[in-house]
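**Student:** Sequence:
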Amino acid sequence: MCRWLAYLGAPLRIEELLFRPQNSLIRQSLHARLGATTTNGDGFGLGWYGERGFPGVYRDVMPAWHDANLRSLSEQIRSRLFLAHVRASTGTSTSRENCHPFRFENALFMHNGQIGGYERIRREIENLIPRDVYRHRHGTTGSEAFFLLAIGNGLLEEAPAAFARTIAQVRGVMDAEGVAEPFRMTAAFADGAGRCALRVSTDPKPPTLFYAEGGEVEVDGGEVRMRPGRGSILVMSEPLDAHDGAWREVPPGHVLETRGGIARVSALPEG
Numbered sequence: 001m002c003r004w005l006a007y008l009g010a011p012l013r014i015e016e017l018l019f020r021p022q023n024s025l026i027r028q029s030l031h032a033r034l035g036a037t038t039t040n041g042d043g044f045g046l047g048w049y050g051e052r053g054f055p056g057v058y059r060d061v062m063p064a065w066h067d068a069n070l071r072s073l074s075e076q077i078r079s080r081l082f083l084a085h086v087r088a089s090t091g092t093s094t095s096r097e098n099c100h101p102f103r104f105e106n107a108l109f110m111h112n113g114q115i116g117g118y119e120r121i122r123r124e125i126e127n128l129i130p131r132d133v134y135r136h137r138h139g140t141t142g143s144e145a146f147f148l149l150a151i152g153n154g155l156l157e158e159a160p161a162a163f164a165r166t167i168a169q170v171r172g173v174m175d176a177e178g179v180a181e182p183f184r185m186t187a188a189f190a191d192g193a194g195r196c197a198l199r200v201s202t203d204p205k206p207p208t209l210f211y212a213e214g215g216e217v218e219v220d221g222g223e224v225r226m227r228p229g230r231g232s233i234l235v236m237s238e239p240l241d242a243h244d245g246a247w248r249e250v251p252p253g254h255v256l257e258t259r260g261g262i263a264r265v266s267a268l269p270e271g
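Mapping to our numbering: the sequence shown position 233 is 233, numbers consecutive.
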């Protein structure tokens, strides 16, 4: 599976969170603490919002720890909202098109987990994607298919409800085809103004998901500190430093929404 990080708050250089923490996402690409796999070296991706009305995206198939361009870009780019992802493939090929985050207009999406038996049900899932959305299908992953299906279900208008409808559709196909493998997911979606993340699983082993909120973020000696106040929110697959008590866990079957620098955790709606 994969590891990912999402940030919303005062603009900061991306390297502050991508490289400098004790358990940075780059370190997790080699030595993940809580992932199903220790190494996440099947590519990486970075998506960020700057001065344009749509996000920039940089993705490659190289391991994140081995890409000097990623380090150089993250040292220069300041962003108020960005998503970063390191990939461990669950079966699809290692290609730039299969690296997260995926982009649709002004939206970004990234995912960690699996759609059980995806190769058996891939055609049925893709057939559910509306025709005008399917033309944005560039890769072969179940993650991208889920994203585009969610777009068709209204993700740009009401993210939690769209996620719930999409999960219900996918699980319906899995049940119809007799798939016994689990559906496990954490995912993050951003539209330039806010963000929505979710954690869900059909078995007792959901991927991990944590968050923290406060004032401006700073990293000192590898420790991540959030000044008192509001406006900055971090969501990630696993804590970025050893102070685990500073990170709150998103419960399984819940979504985390952020608007105006405030995080709200609630149960995933019924599909």
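Possibly wrong hints are sitting among the right ones.
Stated by the list, open to error - Label-pair ranges, simulated between beta-carbon atoms:
id, residue 1, residue 2, range
1, Pro11, Ala176, 45 to 51 Å
2, Glu97, Val265, 29 to 35 Å
3, Val133, Gly221, 42 to 48 Å
4, Val57, His243, 17 to 23 Å
5, Gly260, His138, 22 to 28 Å
By construction, these hints were calculated from the structure, which means they are not laboratory data. Beta carbons: idealized from backbone N, C-alpha and C, even for Gly.
**Student:** Under the constraints set out in the numbered hints, which ones does this structure not fulfil?
**Tutor:** 4, 5
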